[in-house]
Amino acid sequence: MRIEEHPILDFKRGREIYFYYNGKKIRAYEGETIAAALHATGVKVLSKSLKLERQRGFFCGIGKCSSCLMKVDGVPNVRTCITLVKDGMVVEDNDMELPEKEYPRCKFEKMECDIAIVGGGPAGLSAAIEASQYADVLIIDENHQLGGQLIKQTHKFFGSKKQRAGTRGIEIAKILEEEARKNCRVLLNTSVIGYYDRGYHFLAAVNRVDGIIYEIKAKKIIFATGAQENMLVFEGNDLPGVYGAGGVQTLMNVYGVKPGEKGIIIGAGNVGLILAYQLLQAGMEVACIVEALPKIGGYFVHAAKVRRCGIPIYTSHSIKEAYGNGSVEGAIIAKLDENWKFIEGSEKDIKCDFICLAVGLTPAIRLIAQTGATISFINEAGGWIALHNEYMETTKEGIYVAGDLANIEEASTAMIEGRIAGLHAVHTIKQIPNFEEKIREYMEELEIFRQG
Amino acid sequence: MKRWEREGVAELEDLNLPDEEHLKKGVAIIECIQEIPCNPCVDACPTKAISMENINALPEIDYDKCVGCGKCVEVCPGLAVFLVKVVDDFALITLPYEFLPLPEEGSIVKALNREGKEICDAAVKKVKKGKTTIVTIELPKEYAMEARNIKV
Ligand code: SF4
Ligand code: SF4
Ligand code: FES
Numbered sequence: 001m002r003i004e005e006h007p008i009l010d011f012k013r014g015r016e017i018y019f020y021y022n023g024k025k026i027r028a029y030e031g032e033t034i035a036a037a038l039h040a041t042g043v044k045v046l047s048k049s050l051k052l053e054r055q056r057g058f059f060c061g062i063g064k065c066s067s068c069l070m071k072v073d074g075v076p077n078v079r080t081c082i083t084l085v086k087d088g089m090v091v092e093d094n095d096m097e098l099p100e101k102e103y104p105r106c107k108f109e110k111m112e113c114d115i116a117i118v119g120g121g122p123a124g125l126s127a128a129i130e131a132s133q134y135a136d137v138l139i140i141d142e143n144h145q146l147g148g149q150l151i152k153q154t155h156k157f158f159g160s161k162k163q164r165a166g167t168r169g170i171e172i173a174k175i176l177e178e179e180a181r182k183n184c185r186v187l188l189n190t191s192v193i194g195y196y197d198r199g200y201h202f203l204a205a206v207n208r209v210d211g212i213i214y215e216i217k218a219k220k221i222i223f224a225t226g227a228q229e230n231m232l233v234f235e236g237n238d239l240p241g242v243y244g245a246g247g248v249q250t251l252m253n254v255y256g257v258k259p260g261e262k263g264i265i266i267g268a269g270n271v272g273l274i275l276a277y278q279l280l281q282a283g284m285e286v287a288c289i290v291e292a293l294p295k296i297g298g299y300f301v302h303a304a305k306v307r308r309c310g311i312p313i314y315t316s317h318s319i320k321e322a323y324g325n326g327s328v329e330g331a332i333i334a335k336l337d338e339n340w341k342f343i344e345g346s347e348k349d350i351k352c353d354f355i356c357l358a359v360g361l362t363p364a365i366r367l368i369a370q371t372g373a374t375i376s377f378i379n380e381a382g383g384w385i386a387l388h389n390e391y392m393e394t395t396k397e398g399i400y401v402a403g404d405l406a407n408i409e410e411a412s413t414a415m416i417e418g419r420i421a422g423l424h425a426v427h428t429i430k431q432i433p434n435f436e437e438k439i440r441e442y443m444e445e446l447e448i449f450r451q452g
Numbered sequence: 001m002k003r004w005e006r007e008g009v010a011e012l013e014d015l016n017l018p019d020e021e022h023l024k025k026g027v028a029i030i031e032c033i034q035e036i037p038c039n040p041c042v043d044a045c046p047t048k049a050i051s052m053e054n055i056n057a058l059p060e061i062d063y064d065k066c067v068g069c070g071k072c073v074e075v076c077p078g079l080a081v082f083l084v085k086v087v088d089d090f091a092l093i094t095l096p097y098e099f100l101p102l103p104e105e106g107s108i109v110k111a112l113n114r115e116g117k118e119i120c121d122a123a124v125k126k127v128k129k130g131k132t133t134i135v136t137i138e139l140p141k142e143y144a145m146e147a148r149n150i151k152v
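Each protein sequence line maps, in turn, to chains G and A.
Under the working numbering, the first residue of the first sequence carries the number 1, and numbering increases by one thereafter.
Under the working numbering, the first residue of the second sequence carries the number 1, and numbering increases by one thereafter.
Check each hint, because a few of them may be wrong.
As the list claims (entries may be wrong) - Which bits of chain A does chain G cover? Going by a derived footprint, with three or more residues having C-beta under 8 Å, they are:
#1 50–56
#2 94–101
Said to hold, decoys possible - Pairwise CB distance ranges, derived in the manner of DEER restraints:
#3 A:Asn54 to G:Glu397: 33 to 39 Å
#4 A:Ala57 to G:Lys110: 50 to 56 Å
#5 G:Pro76 to A:Lys126: 56 to 62 Å
#6 A:Asp88 to G:Asp349: 45 to 51 Å
#7 G:Ile213 to A:Glu53: 52 to 58 Å
#8 A:Asn54 to G:Arg366: 36 to 42 Å
#9 A:Val87 to G:Glu261: 38 to 44 Å
#10 G:Glu4 to A:Ile108: 25 to 31 Å
#11 G:Glu338 to A:Leu12: 28 to 34 Å
If you are wondering where the hints come from, they were derived from the structure by calculation, not from laboratory data.
Built from N, CA and C at the ideal position, the CB exists for glycine as well.
Construct the complete structure from the given sequences, taking the supplied hints into account.
The structure is reproduced here in C-alpha cells:
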C-alpha cells in the first residue's frame, strides 16, 4: 500500500525501523506516523467506539477527530495520526486503563515572547514572518513539521505573482517555513492545552515527545489553529475506510501510503476535485465524485482536469450507505430531488474500498473559546467562529485569529489574514513605520482575492 | 445552468475559438471560462497576447498577437491552456500532463476528449519533462478541438 512512484512528489523515507502492533513486529520508516505505518501494512482498524465497540479507522489524519486513539508504550489515548513511530515502540488497542507505572515528574519550562502564534500553517507562518520583522515571536505547533495543510497540496496555486501563483502548496510550505525560522522560535510536537488570563495572556503547552510543559507568557496571541473536517450522516459512515478528504491527502501525499485501490469522493468543491486528481496521480482509481448540489462547487478548471481523466461527477446525488465487512467494500449513491430527498429507484451500487468526505470544514475553535473572545455562529464563515474586526483581533484585546479558524477560505486568503494579524498585533506593542500603508495594501489584496 | 457548471465539461460554444489562419500558425486555446482570482498566464506571455481587466476577470486572448510559444501552457495552475496547430490534415496539440508513466517520444497513445473518452490514436511528438510535463501529440485535424488528454 506504499506509493513508490509519483509524478510530483519524491518520498524520502527515513531509516527502516520496527515496532510492535498487538505483539506483531511491523516494519516502518522513521519520520512516519504510527497510523501511516499501520495503513501501509493494511491495518485500517485503529480503535473501537466506547459503548458499542464499533470499529473505527483514521478519519482526519491531523489530530482533530480522535478516531485513531491507541495505546502507545503503555499510554492510552494517543493520537496515532500525529505521533511518529519509533524503533521498538509498542502499539496496542486502546483500553483507557492507565498503566500502574511511575510517571516521571513533569518538567516545567517558562517562556516569554511578544507574540505567540498557535498553529504553523499558512496563516500562522505568514503572521510569524510579518511580526518577527519587528518583534520576538514564538510559533507553537502540535505537528512534527511546520506548514499545516500546505504540506499535502501538490497542485499549483492560483492568484497573482505576489501570492506565488503557479507554485505548489508543498513548495509554498517550504518557503514560508524557511522565512519564519530565520527570526522566530519554534516549538514542534507541542499542543497548547489551555489559555489563562492572568492579567496577561498565558498559555500552557505540552511537548508530547519529551513531556515538557511550557508556561508561556505572551503580550499578544494569534490563534491559527485551522479547521476540522465535517462528517456526513449516512449509514455506515463510521466504517473504517470512510475518511476525511484531508486525511487521505495527508496519508498519500505526506507519507506516501495509499488509503486503498479505488475510492469515491463525496463533495465536488475544490477539496473534492483536487483530491480526485491527486488520487489518480498517486496511482489509485476514482469511481466518481458525488455532489448534493445541482452544480459543481469548486473551480471549473479543477473539474475539467478530473473530467478529462474520465472521472464522472454526479451532481444532485448523495451517498445513502457505505457497506462492508469490517471496512468499506462499496457505497450506495442515489439522486436527490429538489427537497434533498433521495429519489427511490435511482440508487447506484459502487464498488470501492474507500470513501472520502469532502463536505466542508468547521473552524477548530476549542482553544480560542477558552480566551473568552465572543464566539458566534456565522454560517457563511463555516459555523462557530470567534468574532473579529478587520485587523483580525477578536473581542478580547490582544487575541487574534487568522486563516480557517477565522473563516473557512483558501490558503491564499489565510496567508494575507496572517500578515494582517501579525502586523496589527505588533503595532499595538510598538510603532511600525508605514503601518497604515502596509496594512491597507494587505486589506486591498484580500478584498480583490475575495471577489473571485 | 450551463453544462460546464453541472458536469465540468466545456463545449465549443463556451470557448473563444481561433480561425483557420490562426490555427495554421499555432495558437493557445484558453479553456478558463469561470472567473477565478488568477493571472499567471497574463504575466507569462511574451507578446502580451493575453489580457485581463482585473485578476478576477476571464483571460482574453488576441490570436493575432499569439505566437504559439507555449509559455502559458506551462504556467497555468489550472492546466487549462492547450496549444493547437494545424498542419495539412493533422493537428498538433500541446497539453500539460502530470501522471506516470510519461509517454515516450515516437510512441502511440490514446487521445481523450474533455470527458475522458478515447477518441483516436495519437502520435507523441515531443515530451518536455518536468513536474508538469508538456506533451505534444499529433492526430487527425478533425479532433483538434476535441482531444485534451492522453492515455499512455
Ligand atoms: S502561446 Fe505564447 S504567445 Fe500565445 S498566448 Fe501563450 S504565452 Fe502568449
Ligand atoms: S493562468 Fe490558467 S487558470 Fe489562471 S487565469 Fe490564466 S488560464 Fe485561467
Ligand atoms: S485524530 Fe487521528 S485520525 Fe483524527
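- According to a criterion of three or more residues whose C-beta lies within less than 8 Å of a C-beta of chain G, is the segment 50–56 of chain A covered? holds (count 3)
- Holds or violated: 56 to 62 Å for the Cβ distance of Pro76 of chain G and Lys126 of chain A? holds, 58 Å
- Is 36 to 42 Å a correct range for the gap between the Cβ atoms of Asn54 of chain A and Arg366 of chain G? Cβ of Asn54 of chain A to Cβ of Arg366 of chain G: about 39 Å, so the range 36 to 42 Å holds.
- Honestly, do Glu4 of chain G and Ile108 of chain A meet the 25 to 31 Å range at C-beta? holds, 26 Å
- Whether chain G covers the segment 94–101 of chain A (at least 3 residues having a Cβ closer than 8 Å to its Cβ atoms): holds (count 3)
- Mind checking the hinted window 52 to 58 Å against the Cβ distance between Ile213 of chain G and Glu53 of chain A? This hint holds: roughly 55 Å between Cβ atoms.
- Message: I want to verify a distance hint. Is the separation of the beta carbons of Asp88 of chain A and Asp349 of chain G within 45 to 51 Å?
- Response: holds, 49 Å
- Holds or violated: 50 to 56 Å for the Cβ distance of Ala57 of chain A and Lys110 of chain G? At 53 Å between Cβs, range holds.
- Message: Taking 28 to 34 Å as the stated bounds, is the beta-carbon spacing between Glu338 of chain G and Leu12 of chain A within them?
- Response: holds, 31 Å
- Is it true that the C-beta distance of Asn54 of chain A to Glu397 of chain G lies inside 33 to 39 Å, as the hint says? holds, 37 Å
- Item | Assessment of proposed distance window 38 to 44 Å (beta carbons of Val87 of chain A, Glu261 of chain G) | holds, 42 Å
Checked against the numbered hints listed earlier, the structure breaks none of them; every hint is satisfied.
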